[in-house]
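Chains A and B, in that order, are what the protein sequence lines are. Taken in order, the first sequence gives residues 1 to 233; the numbers are from this note's numbering. Taken in order, the second sequence gives residues 1 to 488; the numbers are from this note's numbering.
Hints in this document: simulated from the structure, not taken from any laboratory. Each residue gets a CB set at the ideal place from its N, CA and C atoms; glycine is no exception. Be aware that one or more of the hints could be misleading.
Stated by the list, open to error - Restraint ranges, calculated between C-beta atoms of paired labels, are given here:
id, chain 1, residue 1, chain 2, residue 2, range
1, B, ALA373, A, ALA74, 52 to 58 Å
2, B, ARG178, A, TYR11, 22 to 28 Å
3, A, GLU214, B, PHE179, 52 to 58 Å
4, A, ALA74, B, PHE179, 55 to 61 Å
5, A, LEU177, B, SER21, 46 to 52 Å
6, A, ALA74, B, ARG18, 45 to 51 Å
7, A, GLY62, B, ARG286, 36 to 42 Å
8, B, PRO428, A, ARG10, 40 to 46 Å
What follows is the residue order along each chain.
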Amino acid sequence: MLELDSVSKRYRAGNYGVREVSLALTGGVVGLLGPNGAGKSTLMQMIATITRPTAGRILWRGEDLAKNPDALRARLGYLPQDFGVYDNLTPEEFLGYIAALKGVRDRARIGAMLEAVNLHSVARRPIGGFSGGMKQRVGIAQALINDPDLVIVDEPTAGLDPEERVRFRDMLAEIGLGKLVILSTHIVSDVESIATQIAVMREGRVIALAAPEELLAQTECARLEAAYLRLMS
Amino acid sequence: MRERIAAIALADARIRFRRTSTVVVFLLLSAIAYVWVPAPSTGRALMRIGGARALYNSAAIAMATAILGTLFIGIAGFYVVSNAVRRDAQSRVGAIIAATPLRSGEYIAGKFLGNVLFLTTFFFGFMLVSMAMVIVRGEAPLEPWTFVVQYLLLAPPPILFVSALAILFECVPWLSGRFGDVAYFFLFLMSMGITTAAVVAGGMTWASYFDPSGLSAVTAQNMAMLHTQAIAIGAGPFDPHKPPIVYPGLSIDAAFVAQRLAAMLLIPLPLLVLARVSFHRFDPVRVRVAAKAERRWLGRLNVLLKPLTRALLRMPSARSLPLAAVADAQLTLASAPWIAIAIVAAAAARNRPFAFLAMAIAIADIATRDVRANTIAMLYAAPRLREHFVAWKAMSAAIIALAFVITYPSLATLAGAFFTVAAAVALPSPKAFIVLFLSFWYVVVNDKGATPALDFGGFYGKAPPSVALTYAAIGSAMLAIAALTRRR
Chain A
1 MLELDSVSKR YRAGNYGVRE VSLALTGGVV GLLGPNGAGK STLMQMIATI TRPTAGRILW
61 RGEDLAKNPD ALRARLGYLP QDFGVYDNLT PEEFLGYIAA LKGVRDRARI GAMLEAVNLH
121 SVARRPIGGF SGGMKQRVGI AQALINDPDL VIVDEPTAGL DPEERVRFRD MLAEIGLGKL
181 VILSTHIVSD VESIATQIAV MREGRVIALA APEELLAQTE CARLEAAYLR LMS
Chain B
1 MRERIAAIAL ADARIRFRRT STVVVFLLLS AIAYVWVPAP STGRALMRIG GARALYNSAA
61 IAMATAILGT LFIGIAGFYV VSNAVRRDAQ SRVGAIIAAT PLRSGEYIAG KFLGNVLFLT
121 TFFFGFMLVS MAMVIVRGEA PLEPWTFVVQ YLLLAPPPIL FVSALAILFE CVPWLSGRFG
181 DVAYFFLFLM SMGITTAAVV AGGMTWASYF DPSGLSAVTA QNMAMLHTQA IAIGAGPFDP
241 HKPPIVYPGL SIDAAFVAQR LAAMLLIPLP LLVLARVSFH RFDPVRVRVA AKAERRWLGR
301 LNVLLKPLTR ALLRMPSARS LPLAAVADAQ LTLASAPWIA IAIVAAAAAR NRPFAFLAMA
361 IAIADIATRD VRANTIAMLY AAPRLREHFV AWKAMSAAII ALAFVITYPS LATLAGAFFT
421 VAAAVALPSP KAFIVLFLSF WYVVVNDKGA TPALDFGGFY GKAPPSVALT YAAIGSAMLA
481 IAALTRRR
């Protein structure tokens, strides 16, 4: 489904954001773990066609995204890190806007998504008055509005309270049953229970890619957090 | 494709029309329409032809207000709409938009359409208010169709031109900051002045094809129709001994319509193509490079001048509000050392209007930079600053302002500097301050002291002390209102 072939992102100053990453992902929830500055967001931005790799190729269902980014964009749900919303719009209007840009014609999707993220009761209130967690839920709803085949979520649980975090994790796990979800975080517990595969990044490179239980076996650790710390050290 | 373009334009319209500032600008525009059409009993009139006033019929009021409206759109309109792309970048909605199938050309077209929609609504509202002025001043019956024709002849080119240029300025890195804001102001006035002068002095009618404001084409047609060059638009004194002239309105001849169509279509299209080429599509790398490019020349200058202002970083311990203001003023100079050079240049130039202009640009963002830099919460945690924020920033800006005008010691100059500082601190954004200040400054400089009440900075030495005191009082009122608003 998604294939990364020696993908690198090199900046003008000569430093690398991402270096020679090769992955082949077919489905399920892939947890992308790594410390701040490891290159997780840059890698996700490249997959989401926001920025181009300086070397290598990203293929979606065989299509090179550098040549044909629209092959993915119509089927993509993307929630960037620190994303924003228009404060003067209501969630209903904002979702309607993103739905139009994504070419979603079924207006009922907007109501369904508002229901799914538990915002239906405030659907016609300006987003400006929302808490951080409520805004995050608007972001999640916009990412899922087009019923995407690939969902990319960058640090999605920041700002959510514990109850919302669990709810959101469950939602991603459910989506991951039939689709590909890439979830970036530096909080190990966010991916522990739902990831079918875990990729660990350090200094722009993917240093491990395995199912959680394999990672535990490889590092001889009982918990994922300990395994992650061992890989980092 | 059409749905996506419409969605962008509609979202922009919703965002803009729900802002309080939009209502304020519209009320301001309505008030201007009222002031622009004074009662003839005051000795002033909207339009003068050879010293006589034009009778207040629909044609005269429609043409004159439409011309004034195009100037307003040309100056203020640009600043009002030149935040469409920036809003998406700053709110980070841009990253979400960039991951959709939306094409960059569609995005630019949608933003352009959003600007056109917004400015057209404003112009339409302004036309209705101007129509009301025919009823208020009542010298002839209201003819709505005359209004529609005169406005249609004049309004579309500046609306399309400003809408396209605003997008271009946002997409070109080095034009998207304060340099672009100031540069646009002079560019617009210069282009309007040059085309009109070319038509009036040299009979170069081709220049009208490149004049979206329509001033040159209107001047040429009115001169031919009224057989005089002495035509003035805008509230001003007339000769009461001369009988009023019935102005018939602009005639729809083929050449005039061709000029307006050319100005409407030929200029905006290339601007949009350039904007499309320069658009970064929210690629973080390109946005970062763009931000660097924006700062490049100023940044290099600042780095070169750093040794001059490094000593200023030894700030006093802010045991009181004035000392905190001194520290803030030092920070201004340390972060933008070009201001130090501008102060020296203003003193050497011995030119008061120039000193005020440089001062205004230097102090424009002193009161708002903390919100932009996200340091406001930290500042509020310091003693006194939250409660006395307006006073603190006014003192800080006043220190910088004083440095610019210290070589012109007079009551009028000090009062003018205080008025400017108050406006910079009280207005909600540097952009709003820059556009209002530049517009007012331009009017004053062109008035050359003929109207002493306008001379807020004592530029021409003809204003009595009461004018200086009035501006000082207005400044005090602005600061008081700002302090009250912020306290809430």
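Notebook entry, point to check: Checking against the hints above, which ones are violated?
Noted result: 1, 4, 6, 7
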